[in-house]
Amino acid sequence: MIYASLSTLRAALAAKKISSVELARLFLDRIARMNARINAFITVDEEKTLAAATEADARLAAGNASPLTGIPLAQKDIFCAQGWRTTCASRMLENFIAPYDATVVTKLEREAGMVSLGKTNMDEFAMGSSNETSYFGAVKNPWDEARVPGGSSGGSAAAVAAGLTPVATGTDTGGSIRQPAALCGLTGVKPTYGIVSRYGMIAFASSLDQGGVIGRTAEDCALVLSAMAGFDEKDSTSLERPAEDYSRLMDAPFAGLTIGLPKEFFSEGCDAEVMTAVQAALAEYQKLGAKTVEVTLPNMRLSVPAYYVIAPAEASSNLSRFDGVRYGYRAPEYANLTEMYEKSRAQGFGAEVKRRILIGTYVLSHGYYDAYYLQAQRARRLIANDFAEAFKRCDVLLGPTSPGTAFALGEKRADPVEMYLSDIYTIAVNLAGLPALSLPCGFDAKGLPIGLQLIGNYFDEARVLAIAHVFQRATDWHTRHPACNL
Amino acid sequence: MPLTVLEVERIAALARLEMTPDASGTARQQLNDIFSLIEILQTADTQGVAPMAHAQDVFQRLREDAVTYTDSDAAQRDLFQSIAPEVEAGLYLVPRVIE
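These protein sequence lines map, in sequence, to chains A and B. Residue numbering for the first sequence follows this note's numbering, beginning at 1 and increasing consecutively. Residue numbering for the second sequence follows this note's numbering, beginning at 487 and increasing consecutively.
What the hints contain is simulated information worked out from the structure, not anything from laboratory work. Please read these numbers as outputs of a predicted model, since none were measured by experiment. Treat the hints with caution; some may be incorrect.
[To be verified] If you want a taste of the chain A side facing chain B, the calculated C-beta under 7 Å gives, among others:
hint, residue
1, Phe96
2, Ala346
3, Leu374
[Unchecked claim] Some chain A residues close to chain B (C-beta under 7 Å, calculated; not the full set):
hint, residue
4, Gly194
5, Ser207
6, Leu302
7, Pro305
8, Val309
9, Val325
10, Leu337
11, Ala379
12, Arg381
From the three backbone atoms N, C-alpha and C, an ideal C-beta is built for every residue, glycine too.
Please work from the sequences and hints to get the whole structure.
Here's what the structure looks like:
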């Protein structure tokens, strides 16, 4: 049951082999035993979880269950859930009890009937690639507890990898779903920007932030994404499109697929073992009948620099709401209003968050706006145009998700620039707003998982998920679990 | 173009972040490293390229200027103020602004 697929869980619930309450207890017990070591969850509330599971059982008994009713999930602690402490892994929100539900929570829990096991750890305000910036401490990678799980959705990835939940939500601003999925041997999908509502999802960089799913398989991710996505009038950038079944292409014929290989994904800078595994995955796709074509994304070198202008600029604006007045942390001592703001923010935010606020404030300040911010937005257009050109010649792009496997805790903490470069293959996708996923495609000599990235054209997530599914039918990398006898 | 400690302190003041002299020295070093990464942008030829503010060509939807939340009773206010640092009689308390 611990590592069962969502469709297996659904069948077991439907056949009354197990109840939702029993299923929730199973995972809550594991969390109680293992979380002290992995630190994947910030908040667990057994009473709330069991109440939701009881409701799900009633729905199942009454015959008005959805395909996901009664199945447990973990929510990244960036999604507001009414009555739940929602911290965004920051001291600023350490005692924040969300007074309303994010649309993602409404859809997955209140409507689909999934049962939340708790709120997962993450980098503070989703700013990080290692989950080490959390106010609540680093998350350990279940494959090797001396290593990072990736970030910022590191708690979600570690929880799924350790068998503490079947599936978890995440958010991806520059790779925060795909990179931890890669480093923890999981499948993680970031949909097209605008597909999943951002209402109640604590904002980092609003033009890049997008909710998604981390699970074991593309099939599981597709099921959850179908329940999670959809137009929401409460999100001003939500796209008005009809609802979609993202599983619908799972059994569609695969022949005739053209895979684009961006030259920039296969040049230097990538770990040799990662490259070997990616090449082997490519060979597998060719064996399955896919054609390949080399494409180029000549402006990809601009993506990390453009991102570190645009994302901090938007963050500095979004995080200005944290002023210690209506909610959040307020410093205990201050002489006047300005000092109250300055001390509350200095004490409430961690070092990485403050660093990004400073960058953002600078690039938006008088005299620098054109040189940095507008130039970065122009570079963003060039990057998006490169993808549009590439997709004229292929159906999907393939490459590594991350240039290396999970790195040691503390290894990159002292050097922000080195940390930023670990997202080199994922960031361009967010700037363009495209859908992409990471799936497991092998292991390095240390036994650490390697992620393969597939990037689709706008609104093509059903096909990208199907292409991942074809690989998962032919290989068994996604069925491996860490040997943590936790 | 490297930032000076004075500039770092000015940015921190604009961002309403208290900064000790020690912290601004460290911040200066790290910000300069990050800005040398960002400088790569200056090598891009972006003449005639329209800035891209958003992933999709979206525009803000408009709606009727009408009340959509009717739940404006005291209970709703209490719920939202229950998470505030300091409130009194339905008001948020801050230090005196006007002397």
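**Asked** Are there hints from earlier that the structure breaks, and if so, what are their numbers?
**Response** Every hint satisfied by this model.
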